[in-house]
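Participant: Its first residue numbered 1, the sequence shown is counted upward by one per residue in the working numbering.
Hints are supplied without guarantee of correctness; some may be wrong.
Computed cross-link-like contacts, SDA-like style, restricted to lysine to any residue with a CA-CA straight-line distance of at most 20 Å [to be verified]:
#, residue 1, residue 2
1, Lys18, Asp3
2, Lys18, Glu7
3, Lys58, Val74
Rather than coming from a laboratory, the hints here were simulated on the basis of the structure.
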Amino acid sequence: MNDFTIEIYCFVNDLLLKIDDKSLNKRRKLTNSQTIATVIISSKYFYGNQVLVCVYLKSHHGFDIPDKSNFNRVLLSLTDLLANLFFALGIIFKKSQS
């Protein structure tokens, strides 16, 4: 799980560097890449339980996780970015199939 966590974060971070040009708000504790990686890891290993994955990432990888309300607020603000990310992933997967 540790290797998958690092791989997902690096992949999402590299992809977001290409499609996301927004600067990070100084008050936010997590980057967009960390937030998206947290959600992906939550769905794969923790059955969607975001509280457990936040505890895991804070203790094992040093993510500075905000409280549950702020985390959800950040996650909801990324809906357009997530749509663009999954669209880009779909194009990548489609090109790799042909």
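Participant: Confirm or reject each hint.
Facilitator: Against the structure, the hints:
Restraint check for lysine 18 and aspartate 3: the C-alpha separation of about 23 Å exceeds 20 Å, so the hint is violated. For the proposed pair lysine 18 and glutamate 7, the alpha carbon gap of about 17 Å is at most 20 Å, so the pair holds. A C-alpha spacing of about 17 Å is found between lysine 58 and valine 74, which places the hinted pair at or below 20 Å, so the restraint holds.
Checked against the numbered hints given earlier, this structure breaks only hint 1.
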